[in-house]
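Kindly generate the complete structure, drawing on both the sequences and the hints.
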Amino acid sequence: MRKPVRVMTGVSDEEVSITRDKLVKVRERVLEAEKEKLHLDLARGINDEIEQIIREEIN
Amino acid sequence: MQIDRLELENFRQFRDETIAFATGSDRNVTVVHGANGSGKTTLLNAFTWLFYGNVDFDTRPDRLASEGAMANAQPGDRITVSVQLQFEHEGEAYIAQREAIYEKRSATDFDGEMIDSEVTVKYRNNGSWQPRNNPGNTLDQIIPERLSGLFFFDGEDIDELAGIDNQDRIQEAIQNIMGLTILERANRHLDTVAGRFEDEVDEYASDELSELISEKRAIEDDIEEFKRDRDDTQRRKERIESEIEDLEQKLERLDESAALQERREEYREDLAEVEDRIDSLDEDIKSQISQNGFVPLAMPLLKETATELDQMREEGVIPSELSNSFVDSLLDAGQCICGRPLEPGTDHYDKVASMRGDTVADGVEQSAIRIIGHLNEVSDKESEFFDSVDEIIEQRKNLYDRRDELEELIDEVSSELQGMNQTTESGQSIGELEAKREQKETEREESISEIARIEERIERKQEELESLEEQIDEQQDEREEALLAKRRQKAAELVQDELEGSFEDLKDQVRQWSNKMIKQTFDDIASKDLTAEITDDFELKIWQDVGDERVEVDKSTGERQIASLAFIGSLVNIARERYESDSDSEYFTGGIYPLVMDSPFGALDKDHRRQVSKVIPSLANQVVVFATDSQWEGPVEEEMRDIIGEQYWLDFDSGEGEGEYPQTRIATEQASIRGD
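Chains as they are written, first to last, in the numbering used here: chain A, 1 to 59; chain B, 1 to 676.
Accuracy of the hints is not assured; some may be wrong.
Estimated spans, in silico, between C-beta atoms of each pair [unchecked claim]: (1) A/D21 with B/D548: 51 to 59 angstroms; (2) A/D21 with B/D199: 25 to 33 angstroms; (3) A/D21 with B/E504: 19 to 27 angstroms; (4) B/E208 with A/D21: 51 to 59 angstroms.
Below, computed lysine-lysine pairings styled on DSS-like, alpha-carbon distance capped at 30 angstroms [said to hold, decoys possible]: (5) A/K35 with B/K516; (6) B/K516 with A/K25; (7) A/K22 with B/K507.
Covered by chain A, per the in silico footprint, the following chain B stretches (three or more residues, Cβ under 8 angstroms) [stated by the list, open to error]: (8) 185–197; (9) 488–497.
Bear in mind the hints are in silico, worked out from the structure with no lab data behind them. Where is the CB? At the ideal position from N, CA and C, for every residue including glycine.
The following block contains the structure:
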């Protein structure tokens, strides 16, 4: 008799965890990126930059 | 930021003028006196043109170049318009300059056509001036354009700030200067990015993995069941074999059947040997085919090639004349293909020359004959291959015949045994024992077939399982991607939650600071029974105490101006306090800003002017005020006299005479001011 295996399909919040240090780092870098573009009415490319920051910090 | 010196060249009516600003801590006010139309608003525009390239003139908005300079120029001449500001910012000295070149197109052209424009920013670094690579950006970071209306302040627009419909502008101004904008933006952008990662999760996470795993389990269950069946059948077969062995032992023990049973054993041994030999021959055939099987396949092409070559040789196509003509061409050219000179009479020449003629032709023809010979050898190989395989097949056929013969003999033994009626100790006849043995033999054969069928099914299921496992591996990889995207989504959402919390806290705090500061400033300026307030919705309101009640004031122009001045002054003051405090905020550091105000006292009555004059200089480190004499004289002058660091008068000449054009000179002493 095989052991019952947990079948994982959709991804739930419980399956992911992020350390406090990582969150602090993401926050710092996001605010830094925003600060650099603060003088612009339209912060062009900021979403891509934030996405990249998160990709780099959470991997 | 501290502004030190402004230089104007051909900027509207200013031909070549300079203002040095008051920078002392006690005397921080610079006053520029000027009649209406003398150039006060132009001075304010000089700042916005330099910083952002924008101007806002009521008259002749397109005319930036000095009319006098353009009039004196010839068509085709170029006039430089320039505004330069020297200032300090965060401990560094800067020189910012915007320059535009205008070309006069015709004798009557007083506007000119702008043909070039440039902004430069230099900063002092280790004793020398270094250019900033992105000057526009640098200036916008020092005083963001969105805040310029607060620091380069036009008294004519002052009413708008306290207007009922300007709540958004008030909120934006407060948020900007207090660092709330950065939080609000980060919050919004993180929301977008979290959405992107959520899409990525959806893209990777699917139910397919679950379906595949279920399918895999079903197949594993099937395989287990087949294996159980196979093992059962195997055990049944072993049982049958054991029964056959028992029956045969009985037959061996009986005198009547012993000889037949013994003979059958011999036949069986022979049969086993024959079958071994058949197997061995099968292996030989396989080996022959793998080693030489290509020969018959390639044979038609090889034969065709050999025939063609032979035909070409016979027709004299091989060797061609090319060899001789090529050698001749080398000798004629006097150079060998190796690069050495070929001079008649030298050894090398003779050697190359000797390559002509029969020797070369023979060589090629010999090669052709050798190739044809090799091809024919392959043809021989084909015959050998077929002979060899035919021989093995013949041997195998003989063995097949022998096998059939032995099987028949074994059957005959069985038939003979089944026909024997002698009774054994157990009461069964030899015939019955043999019949039973035969029946068991059939059952054994059936078991073997059954096992083979089950093995085949197992094999098929194993193949399906392997394919599924590959698909599952791929899905597992996608699932890893989905988990990573989910972590990123969660990180974006958690940081967003935090910043949202920070935003709400700071917003509330900022509203309280602003409210307190504006209330205090307004109290100092306005009548005792009036109070100003920034509401929860960031609306600037003015209240009046009437008896025990507080009613909102139907704002008069004067009160609106006071409220607006209080508001701007308060924000500048808060920014300065935040900058000077030790607060270690990652999103707001405050800043020191000058206040440059054009006609701020315009619509105020005398009492209010006095109060405003008292308060405004204390709100900013540096204040520059442009005012007419009528605005200045009296209470404003009385209150500000002792804190004036620099004072200028705009000496305007309307240039109405022949060959004269409007011009304003900036004087450090009061002359006779034309008009008011």
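Outcome of the hint check:
Range check, A/D21 to B/D548: about 57 angstroms between beta-carbon atoms, so the 51 to 59 angstroms window is met. Range check, A/D21 to B/D199: about 27 angstroms between beta-carbon atoms, so the 25 to 33 angstroms window is met. Restraint check, A/D21 to B/E504: a C-beta distance of roughly 25 angstroms satisfies the suggested window 19 to 27 angstroms. Separation of B/E208 from A/D21 is about 35 angstroms and departs from the stated range, judged on CB atoms against 51 to 59 angstroms.
For the hint linking A/K35 to B/K516, the alpha-carbon distance of about 27 angstroms falls within 30 angstroms, and the restraint holds. For the hint pairing B/K516 with A/K25, the CA-to-CA distance comes to about 35 angstroms; that exceeds 30 angstroms, so the pair is violated. Restraint check: the Cα-Cα separation between A/K22 and B/K507 comes to about 26 angstroms, which is no more than 30 angstroms; the hinted pair holds. Evaluation of the coverage hint for the segment 185–197 of chain B: fulfilled, as 8 residues show C-beta separations to chain A shorter than 8 angstroms, against a requirement of three.
Evaluation of the coverage hint for the segment 488–497 of chain B: fulfilled, as 6 residues show C-beta separations to chain A shorter than 8 angstroms, against a requirement of three.
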